[in-house]
Amino acid sequence: MSHSLVIVESPAKAGTINKYLGKDFEVMASYGHVRDLIAKEGAVDPGQDFAMHYSVVERNAKQVDAIAKATRKADAVYLATDPDREGEAISWHLLELLRERGVVGDKPVHRVVFYEITRDAIREAIEHPRGLSGDLVDAQQARRALDYLVGFNLSPLLWRKITSGLSAGRVQSPALRMIVEREKEIEAFVPQEYWSVEADLLQADTPFVGRLQQLDGGKVEQFTINNAETAENTSKRILEASGADASQPLGEPLPASGQGELLVTRVEKKQRRRNPAAPFITSTLQQEASRKLRFSAQQTMRIAQQLYEGIDTGSGTAGLITYMRTDSVNLSQEAVHGLRAVIEKRFGKDKLPAKPNQYRTRAKNAQEAHEGIRPTDAERAPESLKGHLSEDQYRLYDLIWKRSVACQMIHATIDTVSVDLAAGDVAGFRATGSTVRDPGFMAVYQEGADDRGGDANDRILPPLSEGERIPLTALRPEQHFTEPPPRYSEASLVRALEEYGIGRPSTYASILATLQARNYVTQENRRFKPTDTGRVVTKFLTEHFDRYVDYEFTARMEDQLDAVSRGETEWVPVLRQFWDPFQERIEEKQQVSRSEVMKARELGTDPESGRPVSARLGRYGPFAQIGTREDEEKPRFASLRPGQSIDTITLDQALALFTLPRDLGTTPDGLALSANIGRFGPYVRFGDQFASLKKDDDPYTIGRDRALELVEEKKENIAKRTIQRFDDGALTVMKGRFGPYVTDGRKRAKVPKDREAESLTRDECQALIDEAPEPKGKGGRKKTASGTSKAKTSRKKPSSSS
1 MSHSLVIVES PAKAGTINKY LGKDFEVMAS YGHVRDLIAK EGAVDPGQDF
51 AMHYSVVERN AKQVDAIAKA TRKADAVYLA TDPDREGEAI SWHLLELLRE
101 RGVVGDKPVH RVVFYEITRD AIREAIEHPR GLSGDLVDAQ QARRALDYLV
151 GFNLSPLLWR KITSGLSAGR VQSPALRMIV EREKEIEAFV PQEYWSVEAD
201 LLQADTPFVG RLQQLDGGKV EQFTINNAET AENTSKRILE ASGADASQPL
251 GEPLPASGQG ELLVTRVEKK QRRRNPAAPF ITSTLQQEAS RKLRFSAQQT
301 MRIAQQLYEG IDTGSGTAGL ITYMRTDSVN LSQEAVHGLR AVIEKRFGKD
351 KLPAKPNQYR TRAKNAQEAH EGIRPTDAER APESLKGHLS EDQYRLYDLI
401 WKRSVACQMI HATIDTVSVD LAAGDVAGFR ATGSTVRDPG FMAVYQEGAD
451 DRGGDANDRI LPPLSEGERI PLTALRPEQH FTEPPPRYSE ASLVRALEEY
501 GIGRPSTYAS ILATLQARNY VTQENRRFKP TDTGRVVTKF LTEHFDRYVD
551 YEFTARMEDQ LDAVSRGETE WVPVLRQFWD PFQERIEEKQ QVSRSEVMKA
601 RELGTDPESG RPVSARLGRY GPFAQIGTRE DEEKPRFASL RPGQSIDTIT
651 LDQALALFTL PRDLGTTPDG LALSANIGRF GPYVRFGDQF ASLKKDDDPY
701 TIGRDRALEL VEEKKENIAK RTIQRFDDGA LTVMKGRFGP YVTDGRKRAK
751 VPKDREAESL TRDECQALID EAPEPKGKGG RKKTASGTSK AKTSRKKPSS
801 SS
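The numbering of the sequence shown is the UniProt record's numbering, which starts it at 1 and goes up by one.
The hints are simulated quantities; they were obtained by calculation from the structure and are not laboratory data.
Please note that the accuracy of each hint is not assured.
Here are the simulated distance ranges between beta carbons [claimed, not checked]:
hint	residue 1	residue 2	range
1	Q48	T648	15 to 23 Å
2	K184	G151	47 to 55 Å
3	G134	Q653	54 to 62 Å
4	E543	Y500	38 to 46 Å
5	G105	E568	30 to 38 Å
6	A600	E568	29 to 37 Å
7	Y500	A600	32 to 40 Å
8	E568	E596	37 to 45 Å
9	E468	T413	24 to 32 Å
10	P11	S164	42 to 50 Å
11	D415	E229	38 to 46 Å
12	W159	P11	20 to 28 Å
13	R437	Y500	32 to 40 Å
14	N525	T265	38 to 46 Å
Quantities reported herein were computed from a predicted structural model and do not represent experimental measurements.
Using N, Cα and C, we set each Cβ at its ideal position, and we do this for glycine too.
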């Protein structure tokens with residue numbers, strides 16, 4: 001009896017597939033990547049046609065051993081890693097490792113892909129295997145080599161020129177540039193005033209609104225009325241032209257005796273169609289889940305992975321959706337047939353188009369998977385799974401199911417009415433309304449909106465005819481100001497990257513996560529704001545590596561890698577074309593001084609000392625500085641507060657940072673009281689003790705009364721933890737997180753387990769303190785009895801800098 005080994009990526013998927021294949025198959029998981037570039041210089045050798053040197057991923061070494069052992073016993077091997085370029089590369093790495101260990105021999109090795117984890121799909125794939133795609137493997141190797149060469153050469157340059165721990169990436173850096181450039185647009189934005197004029201109208205007891213469209217025969221543009229005086233004069237002229245009492249206050253309802261009339265000059269009725277959106281691809285799923293479910297891109301992909309790999313539905317484990325890394329909107333004939341059957345059954349035959357709706361993929365190289373993201377079984381409605389899914393799993397599955405069903409339904413039919421009304425020869429107004437004649441797909445799903453089966457802002461107009469005169473009940477001039485472009489959200493940034501052709505479905509979530517992990521951006525109200533570190537990194541890269549953060553260049557690079565995956569070009573020439581000029585630029589920029597990169601932003605002069613005040617980014621974050629290093633007197637430094645930026649901080653704001661520590665007087669028992677910011681945040685100091693400030697407390701504004709409240713709270717906490725006190729507190733036995741201890745304010749000693757803390761004598765406490773080790777200071781240094789620090793004898797090799 002033959003025995004076959006199937007290798008997938010995740011253990012969850014392995015468990016599901018194992019149930020479908022039966023006893024003749026053994027299914028094992030690779031747990032993701034099994035081999036990667038060695039973590040040191042020379043992993044990619046440009047001098048040897050970019051030869052790549054790999055080693056087994058340490059965390060998966062034991063699993064690789066187990067797979068090799070199982071391969072030795074198997075009659076055939078099926079490589080069933082994920083159906084994308086990365087999955088193809090994992091299969092190739094696995095095969096290379098198995099061949100190196102001599103366990104494959106002449107056994108047949110097949111490549112199979114599962115676009116959905118269902119019994120039929122798995123059987124179909126096993127029965128129709130293929131070989132490994134050399135083109136896909138080459139494309140993935142080229143991508144990995146490029147990312148390594150950029151990161152391994154550019155990141156150390158950032159460490160030397162800016163600060164340690166930074167990174168640059170082929171796709172990550174252009175994404176950061178987008179966020180920084182948007183922030184600069186916002187900061188440079190100057191609001192412009194403009195006014196709108198709306199008429200409140202009433203017909204057949206139905207109120208409606210007309211908006212000013214024409215004035216003195218010309219079209220009203222956004223800035224036609226741009227100040228209060230013009231708005232008032234225009235409004236009074238309109239009131240007079242309508243026959244209303246122009247002496248009445250603007251914006252308020254007109255009395256019945258003072259109302260005017262507008263003449264209906266045109267009524268236009270139209271019917272328009274709204275077509276359903278295409279099935280989800282990776283990027284659109286991330287965008288919609290962000291808008292509707294408030295999921296991050298990473299959260300969306302993690303939950304989608306769970307739905308794809310398999311969920312116990314009560315009648316066995318099954319994959320609920322197709323593969324979630326795809327940029328194809330195609331659907332199989334089977335899937336379309338299933339969706340149409342569900343639509344006819346649940347919503348009626350009249351909700352089915354005569355022919356299935358077809359969608360065209362916008363991506364230039366949509367080959368990450370052969371279908372859009374859809375339920376594996378359209379009959380499996382979300383409500384039937386509610387008891388088997390977590391809340392987040394249910395919400396995402398519900399989104400995918402509804403989008404998939406809606407994409408095969410008829411269009412929505414909407415009746416629209418547009419009415420023009422005139423106030424004599426002075427002004428023209430327009431009122432619009434719409435009603436949903438047939439919601440079609442909107443009964444199930446709307447892109448970017450709540451699923452309510454209609455527009456939230458639908459307006460219904462009363463019946464109107466040309467020549468009618470409509471009562472004008474109020475005229476409302478309203479002031480507005482233009483607003484800056486919004487910061488990028490996860491959804492809008494993914495959409496922008498996709499539109500530029502930067503990155504691919506599998507990379508978006510990791511790009512966003514890396515930007516936050518490196519402290520290049522923060523999120524405020526779910527929108528990205530660059531940090532000072534992110535700004536400085538972008539400034540350095542755009543000034544010195546402009547080509548490599550250029551959007552079009554990055555997109556062209558993606559196109560070239562796609563061409564490799566299609567077998568249209570060789571991967572080594574693509575890398576050579578990139579590497580040679582990049583290497584030259586790296587060598588050239590080694591000479592750029594750190595002071596030039598970190599050039600300070602001058603804010604003005606300190607009125608007290610007459611010394612210059614600047615804002616800059618240091619190795620430990622943004623700070624303000626009074627004076628220069630060339631002055632006889634040392635410069636003074638103060639860290640910027642949360643929310644402050646070196647690009648926007650003012651002189652007054654910077655000088656305020658130097659007011660700490662603030663003297664708050666004394667406590668009732670005579671201890672000096674002050675407020676400051678320390679290593680662990682803002683605090684109040686009383687004598688030689690400290691009390692942390694609360695979230696709403698500000699060290700720059702906190703008063704003495706509030707500071708004393710915090711002091712009393714701290715004293716109460718200390719009292720609750722105090723077991724015994726000797727010599728007026730010089731020796732204290734305290735309750736600690738890990739058990740009772742003795743302290744003299746400098747050293748700590750644990751209370752032995754065989755002694756009760758409450759019964760310790762003073763002499764026993766002193767003996768424990770005498771035997772306790774000296775406390776360590778910063779950098780592992782031990783404090784001497786005098787309180788000074790004794791440095792370690794070993795010295796680090798000084799780092800090179802330019």
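Going through the hints against the structure:
no., hint, in the structure
1, Q48 x T648: 15 to 23 Å, "49 Å, violated"
2, K184 x G151: 47 to 55 Å, "26 Å, violated"
3, G134 x Q653: 54 to 62 Å, "60 Å, holds"
4, E543 x Y500: 38 to 46 Å, "21 Å, violated"
5, G105 x E568: 30 to 38 Å, "35 Å, holds"
6, A600 x E568: 29 to 37 Å, "50 Å, violated"
7, Y500 x A600: 32 to 40 Å, "33 Å, holds"
8, E568 x E596: 37 to 45 Å, "43 Å, holds"
9, E468 x T413: 24 to 32 Å, "27 Å, holds"
10, P11 x S164: 42 to 50 Å, "37 Å, violated"
11, D415 x E229: 38 to 46 Å, "41 Å, holds"
12, W159 x P11: 20 to 28 Å, "37 Å, violated"
13, R437 x Y500: 32 to 40 Å, "39 Å, holds"
14, N525 x T265: 38 to 46 Å, "44 Å, holds"
When held up to the earlier numbered hints, the structure conflicts with 1, 2, 4, 6, 10, 12 and fits the remainder.
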